[in-house]
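Each protein sequence line maps, in turn, to chains X and Y.
Counting in the working numbering, the first sequence runs from 1 upward without gaps.
Counting in the working numbering, the second sequence runs from 1 upward without gaps.
Bear in mind the hints are in silico, worked out from the structure with no lab data behind them.
Everything numeric in this text was worked out from a predicted model, so none of it was measured.
Yeah, the Cβ is synthetic: ideal placement off N, Cα and C, and Gly gets one too.
A few of these clues could be false.
The calculated lysine to aspartate or glutamate pairs, modelled on DMTMM-like cross-linking and capped at a C-alpha distance of 25 angstroms, are [as the list claims (entries may be wrong)]: (1) Y/K44 - X/E86; (2) X/K141 - Y/D263; (3) Y/K140 - X/D271; (4) Y/K288 - Y/D422; (5) Y/K44 - X/D135; (6) Y/K60 - X/D135; (7) X/K287 - X/D197; (8) X/K38 - Y/D422; (9) Y/K130 - X/E266; (10) X/K240 - X/D270; (11) Y/K293 - X/E266; (12) Y/K211 - Y/E292; (13) X/K38 - Y/E190; (14) Y/K147 - X/E339; (15) Y/K294 - X/D178; (16) X/K322 - X/D239; (17) X/K259 - X/D334; (18) X/K248 - Y/D304; (19) X/K240 - Y/D102; (20) X/K211 - Y/E193; (21) X/K119 - Y/E190; (22) X/K146 - Y/E193; (23) Y/K194 - X/D270; (24) X/K37 - Y/D422; (25) X/K83 - Y/D422; (26) Y/K122 - X/D230; (27) Y/K122 - X/D145; (28) Y/K248 - X/D145; (29) Y/K60 - Y/E209; (30) Y/K262 - X/E274; (31) X/K141 - Y/E193; (32) Y/K178 - Y/D191.
Computed, partial: chain X to chain Y, Cβ under 10 angstroms [unchecked claim]: (33) M140; (34) N144; (35) P206; (36) L207.
Taking CB as the label site, the calculated pair distances span [said to hold, decoys possible]: (37) Y/Q89 - X/R29: 38 to 44 angstroms; (38) Y/L420 - X/R182: 44 to 50 angstroms; (39) Y/S337 - X/R236: 40 to 46 angstroms; (40) X/P225 - Y/Q89: 43 to 49 angstroms.
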Amino acid sequence: MSSLLIFINYSLIYLFSIAISIFLFIVARRFILQYHKKRTHLISKKIENDILKVYSRQNKIFSLKIAKKYPRYSNILIKILVKHMETIKGPGIDQLRLIYDAALKKNLLKNTHSRLTYKRLRATRPFVLFSSLEDTSQIMKLLNDKPVVRLAAINALSRRPNLLVINQIFETFERDPDPDMRSYMNVLFAMGDEIEDLVRSYLKKPLSSNKIMFFIELVGAIPLPHLYIDIIAFARSTDKEIRVKVAKALGTINRPLPKVNAVLMELSSDDAWEVSAQALKSLGKLKIVSAIDTLAQAVYSPHWYCRLNAGTALANLGNKGKQRLKQLAGQKRDRYAAEMAQMILENSIYHETG
Amino acid sequence: MGEIINTVFQIITSVILVYFFALNSIYIILILLSIIGINHYRNKTAFVSFKELFHLPLIKPISIIAPVYNEENSVIESTLSLLSLEYPQYEIIVVNDGSKDDTLKKLISTFDLKITNRIYRKVIDTKTIKNIYTSPTISKLVVIDKKNGGKADAMNAGLNISRYPLFCTLDGDSILEKEALLKMVRPFLEDPEKTVAAGGVIRLSNGCEVKSGQVVNVQLPRNIPALFQIIEYYRAFLGGRLGLSMIKSVLIISGAFGLFRKDITLQCGGYNTNTVGEDVDLIIRIRKYLHEKKIPFSIQFIPDPICWTEAPESMKDLSRQRNRWQRGLIEAIIHNSRVFLNPRYGITGLFAVPGYVVFEMLGPIVEMLGYIIFISFFAVGKLNYAFCWMFFIFAVILGVILSLLSLLLGEYSIRRYPRLRDVAILFLFSILENFFYRQYLSLVRFKAFFDYLLGKQSWEEMTKKGFTKAK
Chain X
1 MSSLLIFINY SLIYLFSIAI SIFLFIVARR FILQYHKKRT HLISKKIEND ILKVYSRQNK
61 IFSLKIAKKY PRYSNILIKI LVKHMETIKG PGIDQLRLIY DAALKKNLLK NTHSRLTYKR
121 LRATRPFVLF SSLEDTSQIM KLLNDKPVVR LAAINALSRR PNLLVINQIF ETFERDPDPD
181 MRSYMNVLFA MGDEIEDLVR SYLKKPLSSN KIMFFIELVG AIPLPHLYID IIAFARSTDK
241 EIRVKVAKAL GTINRPLPKV NAVLMELSSD DAWEVSAQAL KSLGKLKIVS AIDTLAQAVY
301 SPHWYCRLNA GTALANLGNK GKQRLKQLAG QKRDRYAAEM AQMILENSIY HETG
Chain Y
1 MGEIINTVFQ IITSVILVYF FALNSIYIIL ILLSIIGINH YRNKTAFVSF KELFHLPLIK
61 PISIIAPVYN EENSVIESTL SLLSLEYPQY EIIVVNDGSK DDTLKKLIST FDLKITNRIY
121 RKVIDTKTIK NIYTSPTISK LVVIDKKNGG KADAMNAGLN ISRYPLFCTL DGDSILEKEA
181 LLKMVRPFLE DPEKTVAAGG VIRLSNGCEV KSGQVVNVQL PRNIPALFQI IEYYRAFLGG
241 RLGLSMIKSV LIISGAFGLF RKDITLQCGG YNTNTVGEDV DLIIRIRKYL HEKKIPFSIQ
301 FIPDPICWTE APESMKDLSR QRNRWQRGLI EAIIHNSRVF LNPRYGITGL FAVPGYVVFE
361 MLGPIVEMLG YIIFISFFAV GKLNYAFCWM FFIFAVILGV ILSLLSLLLG EYSIRRYPRL
421 RDVAILFLFS ILENFFYRQY LSLVRFKAFF DYLLGKQSWE EMTKKGFTKA K
């Protein structure tokens, strides 16, 4: 029994010491974190001040001196450089690059090659933001890396488009036998109208249907108003999906263009209901009043989506469209058309009163 | 005869001992995996600003479906919390599942709701929808008033009405952190083809102060059962589910907070209305379906997005809740028994489901068996006191270590309890929970087996106080 008592005593001591150790660990961790936070704040302030001096002096020697000043605080320096790179414009960027090249680039480049995902991930953002032409191949590797790294690279690219890299991405997309459209869309969308000329040239190339659809979608998504004329050419494509993309992209135009109206009217009576539904939606988005009869007729369509889109488009036209919806809601010829018109009228009234 | 009984008892005792060590080893491994997982996640998100996701063109819109039943005390605060979320495009569908109190009236008067003639596709069959309400001022809010059919039926009704490709399940009495959806949607953006569902951390709002639908002050509750549950939630979410997610074996994404792909859910037939464990059942069916179709998939648990929910504060309510959870698990596993140890279903069939069967479903039975054997040995005077004491102390030590490690995990999470006094109180409760609380819950879960066999299907009401407002 005495050995049992010894066992119990030792167990309780063991338990007590484990509990105390974990508790002390938590307390110590909190103090360390607090201290670390304070210190980081202090160093950040110092670095921020130095960066402001760098901007005002515009002196290469001074910038290099700052680059060498914080070798122990590279993580804080990265965060601040990234923040500045994303927000400023003008000659200050060259000074930031000088600091980056002298203090961080070597390590970050090494980290982008690391086998550890988190190292690659953490290096991706600053590496892409400060990238130059020689880094293109490495950026492409990051864009083909694990999803999490890829998303970080896309985010970084979208913050500061690098046209040399973008050109490379277009070429890779052209060569890619099975491209991940979503990734490419996320990258290229973020570049805005800076890629207009590139998209125009690629729309003229003999690409596969998927890739053509991608560029048509891109025109509508950004949007690239000077390229609407270029995509109208695809409205007669034999591929239904391409016609759907054209109808959708044309709906994003934000200035009057008679050719677009005519093409949309034509597509609204397309044999494929998917094309028709999309064209009706676009007519409503563009508020083309001359399409009122076409839209009213489409509320009788046997396809639910066509009825919905036509009705919504009529509501978008304003009073004239709503008057027509009232007539449609009151008619007894087609119950489905009447119900759809009534639902859309109610919804639009609620949202207007709001 | 006596010898035979003795041998049988010896064998059962050995099985229980092996079970005990296996169970605790697995828990410790899961907690260690979780610590790795949390560090991994923190490293991954160190240079990530979630608000940047706003800029991405293909970010998917989300339908938030929140079924409510007699939630008049908390429904307004939780709906306000949903309206204040930071996400580019989402709709909120509150499904009033035939509440008997003033839940619907409160919603109508607060948000100035009007009946609408919304047309929708009834993809899944549900109980009759009486009315659909929308708000003239808040276009993203839709309230469905339907006949009572249970949580699964309410979710299905919400799925029918929803318009977006992803849907988020949420309890009507829950509060989401502002960035929760942005954080949850991340795996769907990183790997849109493979990610089918994601779960987030649920924390208890008891004791916390809530203002304009957001938790503004994290505090400990004064209620004892709620304090025990805080440690349990740390263990379950940060320990268990995150650890299981690391080995691709998550079977539970809580109905209180989860994000799913709508197309896959509909292909699996939506929520099963014949079980009270519709959340477990759905995940098992999704896994089963995707294994059968040989579609690679990923179900992730993210340690960061936080959903606050109110825990039961009386032992009676707590027993009902745990009884229901246990019945739900049993039902879901029995409904999908084909998956059990079936190599066709990969890791789901060979590890995840058997793991849940052995350690979660059968756990209370084995524990009760242990107590029965203890009493039997005691009754016949064959109890080895020294061994019993040693085993008891060992069990308590392991239990306490597990609880303390869970607290450590909580310390690594965001929105931890800020005061050291709170940490000390949680320490005390993490030791105390091993002496009465755990055994009591095992008994409750054991009883759930009999309730299941008797065909109990009810979803008893729970008394809720509602959120504490900030002064």
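Results for each hint:
Of the supplied pair hints, the one linking Y/K44 and X/E86 holds, its CA atoms being roughly 20 angstroms apart against a limit of 25 angstroms. Distance check on the hinted pair: X/K141 and Y/D263 sit about 32 angstroms apart at the alpha-carbon level, beyond 25 angstroms; violated. Straight-line distance between C-alpha atoms of Y/K140 and X/D271 comes to about 34 angstroms, which puts the hinted pair past the 25 angstroms bound. Our distance criterion of 25 angstroms between C-alpha atoms is broken by Y/K288 and Y/D422, whose separation comes to about 43 angstroms.
Between Y/K44 and X/D135 the alpha-carbon distance is near 22 angstroms, which keeps this suggested pair within the 25 angstroms criterion. Between Y/K60 and X/D135 the alpha-carbon distance is near 31 angstroms, which puts this suggested pair outside the 25 angstroms criterion. For the given pair, X/K287 sits about 29 angstroms from X/D197 by alpha-carbon distance, which is inconsistent with the 25 angstroms threshold. Using a Cα cut-off of 25 angstroms, the hinted pair X/K38 and Y/D422 holds, with the two alpha carbons roughly 23 angstroms apart.
Among the hinted pairs, Y/K130 with X/E266 is inconsistent with the structure: their alpha-carbon atoms are about 41 angstroms apart, more than 25 angstroms. Pair hint X/K240 plus X/D270 holds up; C-alpha atoms about 9 angstroms apart against a cutoff of 25 angstroms. For the hint pairing Y/K293 with X/E266, the CA-to-CA distance comes to about 41 angstroms; that exceeds 25 angstroms, so the pair is violated. With a CA separation close to 47 angstroms, the supplied pair Y/K211 and Y/E292 exceeds the 25 angstroms bound.
Distance check on the hinted pair: X/K38 and Y/E190 sit about 34 angstroms apart at the alpha-carbon level, beyond 25 angstroms; violated. Distance check on the hinted pair: Y/K147 and X/E339 sit about 24 angstroms apart at the alpha-carbon level, within 25 angstroms; holds. At roughly 20 angstroms between alpha-carbon atoms, Y/K294 and X/D178 fall within 25 angstroms of each other, so this suggested pair holds. Only pairs whose Cα atoms come within 25 angstroms are accepted, and X/K322 paired with X/D239 is rejected, the gap being roughly 34 angstroms.
This hinted pair does not check out: X/K259 and X/D334 have alpha carbons roughly 33 angstroms apart, beyond 25 angstroms. Annotation: proposed proximity of X/K248 to Y/D304 is violated, straight-line Cα distance about 37 angstroms (limit 25 angstroms). Annotation: proposed proximity of X/K240 to Y/D102 is violated, straight-line Cα distance about 51 angstroms (limit 25 angstroms). Among the hinted pairs, X/K211 with Y/E193 is consistent with the structure: their alpha-carbon atoms are about 19 angstroms apart, no more than 25 angstroms.
This hinted pair checks out: X/K119 and Y/E190 have alpha carbons roughly 17 angstroms apart, not beyond 25 angstroms. At most 25 angstroms may separate the alpha-carbon atoms for a hinted pair to count; X/K146 and Y/E193 meet this at roughly 13 angstroms. Our distance criterion of 25 angstroms between C-alpha atoms is broken by Y/K194 and X/D270, whose separation comes to about 35 angstroms. Distance restraint check for X/K37 and Y/D422: the Cα-Cα separation of roughly 22 angstroms lies within the 25 angstroms cut-off, and the hinted pair is therefore satisfied.
For the hint linking X/K83 to Y/D422, the alpha-carbon distance of about 36 angstroms lies beyond 25 angstroms, and the restraint is violated. Proposed proximity of Y/K122 and X/D230 is contradicted: the alpha carbons are some 41 angstroms apart, above 25 angstroms. Between the alpha carbons of Y/K122 and X/D145 the distance comes to roughly 41 angstroms, so the proposed pair goes past 25 angstroms and is violated. The straight-line distance between the Cα atoms of Y/K248 and X/D145 is roughly 21 angstroms, inside the 25 angstroms bound, and the hint therefore holds.
About 32 angstroms separates the Cα atoms of Y/K60 and Y/E209, which puts this hinted pair outside 25 angstroms; it is violated. With a C-alpha separation of about 21 angstroms, the suggested pairing of Y/K262 with X/E274 holds against the 25 angstroms cut-off. The suggested pairing of X/K141 with Y/E193 holds, with an alpha-carbon distance near 21 angstroms, which does not exceed 25 angstroms. With a C-alpha separation of about 23 angstroms, the suggested pairing of Y/K178 with Y/D191 holds against the 25 angstroms cut-off.
The closest approach between the C-beta of X/M140 and any C-beta of chain Y is roughly 18 angstroms, which is over the 10 angstroms cut-off, so the hint fails. The interface hint given for X/N144 is broken, as the beta carbon of that residue sits about 14 angstroms from the closest beta carbon of chain Y, more than 10 angstroms. Violation of the interface hint for X/P206 is found here, the shortest Cβ-Cβ separation to chain Y being roughly 26 angstroms, above the 10 angstroms cut-off. Because the beta carbon of X/L207 sits about 21 angstroms from the nearest beta carbon in chain Y, more than 10 angstroms, this interface hint is broken.
Remark: the range hint 38 to 44 angstroms for Y/Q89 to X/R29 is upheld by a beta-carbon distance near 39 angstroms. The hinted window of 44 to 50 angstroms between Y/L420 and X/R182 holds, with their beta carbons roughly 47 angstroms apart. Distance hint check: the CB atoms of Y/S337 and X/R236 are about 56 angstroms apart, inconsistent with the given range 40 to 46 angstroms. Here the CB-CB span from X/P225 to Y/Q89 is close to 24 angstroms, at odds with the stated 43 to 49 angstroms.
In summary, the numbered hints that this structure violates are 2, 3, 4, 6, 7, 9, 11, 12, 13, 16, 17, 18, 19, 23, 25, 26, 27, 29, 33, 34, 35, 36, 39 and 40.
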